[in-house]
Amino acid sequence: MAHWLLKSEPDEFSIDDLQRVGVEPWGGVRNYQARNHLRAMKVGDEVLFYRSSCPQPGIVGIARVVKAAYPDPTQFDPRSDYHDLKSDPADPRWSAVDVAFVRKLAQPISLDAIRGNAGKLGDFALLARGNRLSVLPVNAAQWRLLLALE
DNA sequence: GCCAACGTTGGC
DNA sequence: GCCAACGTTGGC
1 MAHWLLKSEP DEFSIDDLQR VGVEPWGGVR NYQARNHLRA MKVGDEVLFY
51 RSSCPQPGIV GIARVVKAAY PDPTQFDPRS DYHDLKSDPA DPRWSAVDVA
101 FVRKLAQPIS LDAIRGNAGK LGDFALLARG NRLSVLPVNA AQWRLLLALE
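In my numbering, the protein residues as written are 1 to 150.
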């Protein structure tokens, strides 16, 4: 089983929102590298829920992939912010997965705390120079280490 | 295929 | 709101 990290801006969609709805289609990703990560996800994979662009960025919860990648419907929706005229319905450019709420962390793992363990985390995509990816892989050792910080 | 312009991300 | 990083676009 693989592990991932998904970023979300709490103003847009928070861990509390995920708890309320239970399952959420994770779409609107418009970066090819992030999309490729979405496509690599399998049902059962575990996900760290990371809040970004907020006063205290960090990991705030855990989710689980409950549906593997399928064409992101927002790319064909003219009313969506994520509408993409260049995406061919016969060969959809963008993907979404469904994620389910698992739990909130007892306390958030701050970006500061994550950085403080950069050495032990090794090659971690979240800390890579200038990384802006909203979907990124987490290996088993990193997963264990991060949750030990909870 | 190069590269300048532009847009977006996300911490601060 | 600023700005560094960097992906994408489009002219050539």
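One thing to keep in mind: the hints can contain errors.
[Stated by the list, open to error] Simulated pairs of lysine-lysine, PhoX-like, Cα-Cα distance not exceeding 25 Å:
| hint | residue 1 | residue 2 |
| --- | --- | --- |
| 1 | Lys-7 | Lys-104 |
| 2 | Lys-42 | Lys-104 |
| 3 | Lys-67 | Lys-7 |
| 4 | Lys-86 | Lys-120 |
| 5 | Lys-7 | Lys-120 |
| 6 | Lys-86 | Lys-104 |
| 7 | Lys-120 | Lys-67 |
| 8 | Lys-7 | Lys-42 |
[To be verified] Estimated spans, in silico, between C-beta atoms of each pair:
| hint | residue 1 | residue 2 | range |
| --- | --- | --- | --- |
| 9 | Ser-110 | Pro-78 | 38 to 46 Å |
| 10 | Met-1 | Val-23 | 16 to 24 Å |
| 11 | Asn-31 | Asn-139 | 14 to 22 Å |
| 12 | Gly-122 | Asp-84 | 15 to 23 Å |
Simulated from the structure, these hints should not be mistaken for laboratory data.
Glycine is no exception: its CB is placed at the ideal position from the N, C-alpha and C atoms.
Item to check | Hints violated by the structure (listed by number, smallest first) | outcome: 4, 6, 7 and 12
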